[in-house]
Amino acid sequence: MAALNLDNPVGVTRQPPRLMLAEPILTMRSVIRSYGDVRALAGVDATVYPGEVLGIVGESGSGKSTLLRMMNLEDTPDAGTYQLALPGQEDRNLFTLDRFERRMLRAHHIGIVYQNPHLGLLMNHTSSGNVAERLLIAGKRNFAELRERARESLDASEFPIERMDARPRELSGGMQQRVQLAKAIALEPAVLLLDEPTTGLDVSVQALVLDTLKRLQRDRKITMVLVSHDLGVIRTMADRVMVMRRGEVVEQGLADQIFQDPQHEYTQQLVHAKL
Amino acid sequence: MTLQELTRPWTAFNYGFLDESAKRELRRRILKAIAVPGYQVPYASREVPIARGWGTGGLQVTLTLLKPTSVVKVIDQGADDSVNASSIRKFVGRVGGAVETEDTQAATIIQSRHRIPEEKLREDQILVLQVPNPEPLRPVQPDMSVAREMHGDADYGQLWLILYEQLVRSGRIMQGSSYPSMVNGRHVMTPSPIPRWDVPKLNKAGHLTILSAGREKRIFAVPPYTSVEPLVFDDVPYRVEDHQDKTCYRSNATGYFMNELPQDDGSSLYELSDSHFGVKNIQKSEGETVAIGETWYKNGRMD
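Protein sequences appear in the order of chains D and V.
Using the numbering used here, you'd call the opening residue of the first sequence number 1 and step up by one each time.
Using the numbering used here, you'd call the opening residue of the second sequence number 1 and step up by one each time.
By construction, these hints were calculated from the structure, which means they are not laboratory data.
Check before you lean on any hint, since a few could be wrong.
Not the full set, but computed from the structure, chain D residues with beta-carbon under 10 Å of chain V [claimed, not checked]:
(1) 87
(2) 104
(3) 138
Just a sample of chain D residues kept apart from chain V, beta carbon distances all over 12 Å, derived [to be verified]:
(4) 27
(5) 132
(6) 145
Residues of chain D placed beyond 10 Å of chain V at every Cβ, according to the derived structure [unchecked claim]:
(7) 51
(8) 97
(9) 100
(10) 103
(11) 129
(12) 133
(13) 137
(14) 139
(15) 144
(16) 146
(17) 147
(18) 160
(19) 203
(20) 207
(21) 261
(22) 273
Built from N, CA and C at the ideal position, the CB exists for glycine as well.
Work out the full structure, taking the sequences as your base and the hints as a guide.
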């Protein structure tokens with residue numbers, strides 16, 4: 001695989017898309033969400049296939065983070081359906097789950113990395129404890145196993161193991177994101193949601209975190225949904241791209257198509273503004 | 001028929017100090033707490049003539065349970081003779097006409113702060129524990145409305161996280177008191193700040209335990225023969241304090257929970273924490289005839 005080059009994303013060699021051959025793992029249909037007079041999502045459809053990275057781009061207020069919150073079942077839309085294809089699970093609209101079912105589904109099948117580590121981490125607990133927390137919520141009760149699995153996850157996230165018992169508040173921003181990542185992948189989620197995971201990090205740390213994500217995606221075939229306003233990040237990571245504006249999807253397609261031949265006027269503005 | 005004939009003579013205060021509506025409120029809440037073991041039932045905590053945090057929750061329960069035939073024992077960290085315990089015992093005796101005792105075996109109601117007596121309690125006895133903080137989830141979830149949701153969902157994973165952190169940081173579980181325990185396999189409670197030594201005494205015990213927090217306005221209960229299981233990891237067993245081999249320097253009793261008395265030369269002496277149990281043992285060692293009940297621990301071990 002080609003090395004990542006953020007300065008020249010066009011030069012990144014992409015694996016051929018593995019899309020459309022499998023059944024989608026995540027399907028959202030006609031999702032509508034309003035906050036007062038503001039329509040954050042205006043009938044959004046989204047489909048994610050196993051093993052792919054779906055990038056969601058758009059300006060601030062376009063609804064991309066709201067959509068991600070819906071995918072993480074943190075919020076309930078005014079209308080719409082949401083299905084995750086999970087082995088042994090009946091096909092049902094996940095928006096109808098009660099609070100406990102949502103919590104259990106999130107604990108077992110959905111991982112998330114927030115832009116702000118304070119949202120995803122317990123700052124006063126150890127890094128390994130943060131990873132263990134996810135395993136504990138899922139019912140693991142063996143201390144040695146918790147320790148070992150926390151170590152594995154942190155190691156897979158390229159976190160320095162000798163610092164596994166440091167508190168996140170003692171770590172740098174990049175390290176905190178790695179702890180979040182380790183926590184998110186600890187139970188091998190069906191889908192990993194990434195909400196601006198590299199925003200606020202300096203470019204070199206950003207590249208390292210993206211490199212880790214790319215390697216995890218390649219080695220573990222983790223399905224990812226990546227929200228970012230940074231087209232460089234999306235271009236580096238995504239197989240497919242969804243462009244959002246004012247709560248609507250204005251264009252979607254393979255990443256190369258979107259970046260090389262944008263069709264919608266807004267996408268053209270975005271791409272050209274970046275380039 | 002005159003009004004005077006229809007009403008009782010004027011008294012300075014009601015029997016058992018609390019008014020009847022307060023007692024009714026408490027009795028209803030206690031019944032609910034017994035019906036849902038370990039569940040914290042909110043109640044309208046009344047003012048009583050001691051300061052909040054000094055046993056108002058326990059005192060209200062004791063006053064509610066009180067009847068003229070009650071025999072009341074009050075202990076404070078094992079001691080019958082502390083100012084707090086003596087004051088509460090005298091108050092209960094004064095307002096309810098109850099017989100006061102220091103003997104665990106003789107008591108029908110035992111109000112306690114931070115200890116469970118060493119002698120086994122019977123089915124006809126009620127243990128009332130004073131609770132400063134009834135919420136086991138408070139260290140991990142300061143928002144009480146969220147904590148209540150977590151109780152509703154039996155979402156207790158974060159309590160094991162506290163134990164995990166202690167094991168990582170100290171190599172052993174450091175929770176010395178208020179050890180979170182699962183009641184009847186459903187609700188996690190804090191068994192009040194009793195030491196780890198005392199928690200196993202609640203498991204499948206024959207007596208009723210009522211835990212009451214006056215300041216926090218919560219009552220919960222462990223009915224007789226109900227399971228109380230301290231939270232543990234599969235591979236890290238529950239351990240009580242290492243008092244098995246300690247000997248009381250006054251009574252020569254061994255294998256019970258002790259108070260440590262540091263000496264000037266750096267050594268320590270130990271004396272029984274349960275003061276009246278200590279008195280009985282001293283009397284026994286001096287050849288007096290004294291009835292010592294069956295104890296929870298035998299030779300420093302639970303059955």
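Quiz item: Checking against the hints above, which ones are violated?
Solution: 1, 5, 6, 9, 10, 11, 12, 13, 14, 15, 16, 17
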